[in-house]
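Residue numbers (my numbering), protein chains in the order written: chain E, 1 to 116; chain S, 1 to 114.
There could be a bad hint or two in this list.
[To be verified] Short, incomplete list of chain S residues facing chain E, as computed with Cβ under 8 Å: (1) GLY43; (2) LEU44; (3) LEU48; (4) LYS49; (5) PHE90; (6) LYS101; (7) PHE104; (8) GLY105; (9) THR108; (10) VAL112.
To be clear, the hints were calculated from the coordinates, so they are not data collected in a lab.
A virtual CB, placed ideally from N, CA and C, is assigned to each residue, including glycine.
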Amino acid sequence: GAVVSQHPSWVICKSGTSVKIECRSLDFQATTMFWYRQFPKQSLMLMATSNEGSKATYEQGVEKDKFLINHASLTLSTLTVTSAHPEDSSFYICSAWEEGANYGYTFGSGTRLTVV
Amino acid sequence: AQSVTQLGSHVSVSEGALVLLRCNYSSSVPPYLFWYVQYPNQGLQLLLKYTSAATLVKGINGFEAEFKKSETSFHLTKPSAHMSDAAEYFCAVSDGGATNKLIFGTGTLLAVQP
């Protein structure tokens, strides 16, 4: 089945630094990828939709300058949290959309970001 | 806009008992509906999806869900709960349109008592 690899699985960084999270579709091409944020014991909140070769579409209230998304190829999307602060600490999950007969959304294993 | 409502943020059942997790959706177009399971500190695993080919959808691990258009529901069931079923369950809806966004319900935490 479809596999999405997300790295790193956890990261600790200092306030003011930037962190990059990678999301790769391993066995299919994903023209569309999605980035979610999940707070403890809460649901997944869609942050942005990433389309290969074009600018990401951000949901209302999500700071595009803080959460930089790049989708340079059909198998890779990256989320960079810039100038991270403790309030950015969260669980970030990516998802890739697969078209065709096996259509559906495949999720990465998530990244636990802790900003100290 | 699409949305889903999951009734019951916490559900507790005894091992071997019926599992019923409720999901109601709102959509202006025929929806794509999904159920996912999440274990602590992990990503989401697809249990099943509604494809419009059949109203009763069978998924992995013995789960199934029935699409009822008249009730705008897509409840998840399993005849006999196992301890390993204890996890967070999310219902999600997509319009499959240009944005293809997948919108999640608030989730239901399933506890299985021995």
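A quick look at each hint next to the structure:
no.: 1; hint: GLY43; in the structure: 4 Å, holds
no.: 2; hint: LEU44; in the structure: 4 Å, holds
no.: 3; hint: LEU48; in the structure: 10 Å, violated
no.: 4; hint: LYS49; in the structure: 6 Å, holds
no.: 5; hint: PHE90; in the structure: 7 Å, holds
no.: 6; hint: LYS101; in the structure: 6 Å, holds
no.: 7; hint: PHE104; in the structure: 5 Å, holds
no.: 8; hint: GLY105; in the structure: 7 Å, holds
no.: 9; hint: THR108; in the structure: 10 Å, violated
no.: 10; hint: VAL112; in the structure: 18 Å, violated
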